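Asker: Sequence:
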Amino acid sequence: MNLRQKLLLMFSITVVGLVVAVAWIVSVRVRHVFEGMDQQQTAALVSQFQREFSQRANDAASALDRMAASDAVKQIAFEIGNGGDASSYLQSALPLAQEYRLDYLELVAHDGSIISSFQWTARFGYREPAITGASRAAFLKQEDLPDGTSQIGIFAVRTVPGSDPPLYVVGGRQIDADFLKDFPTPAGTQVFLYRNLTGSFDARNFGAAAKDPGGVHFQSVVDEARNTGKNATGIVYLTKKRADSVDATAIPLKGLDGSVLAVLVVANSRRGMVEVQGHIRDVAFGVAGLGIIFAVLVSLWIAVRVSRPIEELARAAGEVAAGDWETRVEIHSRDEVGALARSFNNMTRQLSEQRDRLVQTERVAAWRELARRLAHELKNPLFPLQITVENMVRARSLPASEFDEVFIESAATLQMEIANLKTIIGRFSDFSKMPKPQAIEMDAREAVRRVVKLYGPALEEKHIQLGTSIASEPLPILGDSELLHRALSNLVLNAMDAMPTGGTLTISVARAGVVARIAIADTGEGMTPEERERLFTPYYTTRQHGTGLGLAIVQSVITDHNGTIAVESADGGGTRFLIGLPLIEAKVEA
9 MNLRQKLLLM FSITVVGLVV AVAWIVSVRV RHVFEGMDQQ QTAALVSQFQ
59 REFSQRANDA ASALDRMAAS DAVKQIAFEI GNGGDASSYL QSALPLAQEY
109 RLDYLELVAH DGSIISSFQW TARFGYREPA ITGASRAAFL KQEDLPDGTS
159 QIGIFAVRTV PGSDPPLYVV GGRQIDADFL KDFPTPAGTQ VFLYRNLTGS
209 FDARNFGAAA KDPGGVHFQS VVDEARNTGK NATGIVYLTK KRADSVDATA
259 IPLKGLDGSV LAVLVVANSR RGMVEVQGHI RDVAFGVAGL GIIFAVLVSL
309 WIAVRVSRPI EELARAAGEV AAGDWETRVE IHSRDEVGAL ARSFNNMTRQ
359 LSEQRDRLVQ TERVAAWREL ARRLAHELKN PLFPLQITVE NMVRARSLPA
409 SEFDEVFIES AATLQMEIAN LKTIIGRFSD FSKMPKPQAI EMDAREAVRR
459 VVKLYGPALE EKHIQLGTSI ASEPLPILGD SELLHRALSN LVLNAMDAMP
509 TGGTLTISVA RAGVVARIAI ADTGEGMTPE ERERLFTPYY TTRQHGTGLG
559 LAIVQSVITD HNGTIAVESA DGGGTRFLIG LPLIEAKVEA
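Yeah, the sequence shown ends on 598 if you go by the working numbering, and it's all consecutive.
Think of the hints as simulated: they come from the structure by calculation, not from any bench.
Owing to the predicted nature of the structure, the values given are computational and were not obtained by experimental measurement.
Fair warning: there could be bad hints in the mix.
What follows is a list of derived Cβ distance ranges for each label pair [to be verified]:
#: 1; residue 1: N239; residue 2: L308; range: 52 to 62 Å
#: 2; residue 1: G44; residue 2: F132; range: 54 to 64 Å
#: 3; residue 1: M45; residue 2: K248; range: 18 to 28 Å
#: 4; residue 1: L348; residue 2: S516; range: 46 to 56 Å
#: 5; residue 1: F302; residue 2: F209; range: 48 to 58 Å
#: 6; residue 1: T476; residue 2: F411; range: 51 to 61 Å
Positions of the beta carbon are idealized from the N, C-alpha and C atoms, including for glycine.
Input sequences plus hints: build the corresponding full structure.
Answerer: Structure follows, in structure tokens:
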């Protein structure tokens with residue numbers, strides 16, 4: 009991913025993230041505001057319901073107060089109290105209920121037995137436990153009816169004044185769908201009354217002030233209120249559409265014994281909130297889209313102003329790293345990027361100039377070092393040549409027999425020193441024209457076996473023990489067998505020179521990951537850190553008659569084979585050369 013793409017991604021994520029965060033915060037705030045409004049509205053409706061409930065309760069209690077104080081009821085109480093037949097008053101509740109507009113009415117004796125019942129005449133003689141609520145405020149009560157159903161009503165209990173024994177009147181008004189029929193509700197709000205007439209939830213127990221609420225959807229909040237006896241709240245989805253959901257509050261209404269007889273449900277529509285949140289979401293999507301377009305434009309502008317010049321600088325830096333020190337970049341601006349481009353051009357120009365000076369300096373130093381080494385190497389054989397020639401000149405004055413003896417001896421010396429000169433010149437010539445490897449597929453083990461076979465007898469003559477460890481599996485490499493043999497032979501000869509009095513030479517070859525690892529170790533005196541550091545430097549040698557080119561040639565051969573060579577040594581601890589040559593299969597996998 010380039011800088012332009014990263015900038016585009018960063019700007020897009022930032023814009024979208026900010027828009028989403030703001031939209032979420034505003035949406036949550038809107039939800040809290042609507043919830044607060046719903047709570048206030050619910051509280052107002054509950055308060056209004058309680059006032060309506062209290063008003064109806066007061067009306068029922070007032071009707072019973074008037075009834076109990078009426079002459080007709082007092083007469084009934086007097087006659088019953090003086091031994092009158094209670095059964096003769098079986099139908100007395102009917103005209104009284106109609107006169108005082110009560111849905112339920114019962115005349116109950118002092119022992120709790122029903123004398124007359126308006127809603128169920130056949131209950132004569134049954135016990136009515138509600139008389140314990142005499143003189144109390146109105147209360148909710150479930151009333152069983154002759155058709156097998158039950159209803160919920162607002163009841164009150166009064167004692168007929170002056171009755172002895174006391175006569176009770178128990179009456180009330182029914183709470184049903186008509187109870188909430190005229191109940192005023194604001195737009196978007198519905199009030200339902202669930203009459204808890206059955207043990208399990210039954211949607212038919214709902215009474216609605218408006219359309220049928222689809223009561224089954226309110227089962228969760230109603231059941232929670234019925235089971236806990238506490239207010240319950242929740243979101244109710246009337247359809248699959250979120251806009252058709254409501255915030256429902258279920259308020260339990262309890263009887264004298266604390267049981268839940270009815271549940272008041274207030275449902276506030278969430279449509280307004282959902283539509284506002286949808287509008288916020290649409291605006292957020294629009295802003296996010298504009299933000300992404302803005303991010304694209306900004307990234308393109310930055311690409312022109314920043315990323316493209318930087319990409320040009322990176323390309324130019326790659327060309328410089330590849331060796332093209334004449335690379336320059338165009339300067340398009342006067343800002344920081346332009347200053348960077350100018351600095352880069354100045355740097356490459358200075359590097360080019362310094363490279364030229366360095367190359368010239370190194371060339372001069374190399375020629376001086378070559379001249380010094382040649383002078384040093386040629387000086388040793390030239391001195392014996394000079395002495396030999398002088399001896400031959402002086403020998404001319406000697407007798408013929410003595411001259412012949414000196415001449416033969418001097419000629420042998422001259423031939424030997426001339427051969428030495430040829431050897432020295434040949435080594436320098438070989439180093440100067442190292443051939444490139446003629447790489448073919450070969451087995452690294454064969455190169456090691458060839459060296460072991462060649463130098464085995466010589467090692468035995470020098471009392472050097474030979475230890476070998478050759479891998480059993482093939483180690484295919486691309487190499488020049490002659491050049492590798494020359495490099496390995498040089499290392500073996502160096503090891504033999506390091507053990508003039510004998511020792512142990514160990515040669516091994518094995519797989520090490522993706523390379524063939526060749527190790528040649530001796531038990532000689534080892535090398536100092538300084539010697540190891542300069543070991544592969546041309547013309548550096550620790551031997552009296554060495555040219556310092558052997559290990560430089562070895563390193564050149566291994567490098568030309570894309571391999572590596574390293575040395576491990578310690579004072580008095582021997583020396584080990586490690587060669588790594590890439591395997592053919594590793595190249596194929598790469």
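Asker: Would you mind marking each hint as holding or not holding in the structure?
Answerer: Results of checking the hints against the structure:
Roughly 59 Å separates the CB atoms of N239 and L308, a value that falls within the hinted 52 to 62 Å. A beta carbon spacing of about 55 Å between G44 and F132 agrees with the range 54 to 64 Å that was offered as a hint. Separation of M45 from K248 is about 25 Å and conforms to the stated range, judged on CB atoms against 18 to 28 Å. For the pair L348 and S516, the beta carbons lie near 53 Å from each other, so the given range of 46 to 56 Å is met.
At roughly 55 Å, the beta-carbon separation of F302 and F209 lies within the given 48 to 58 Å, and the hint holds. Taken as a hint, the range 51 to 61 Å holds for the pair T476 and F411, whose Cβ atoms sit roughly 56 Å apart.
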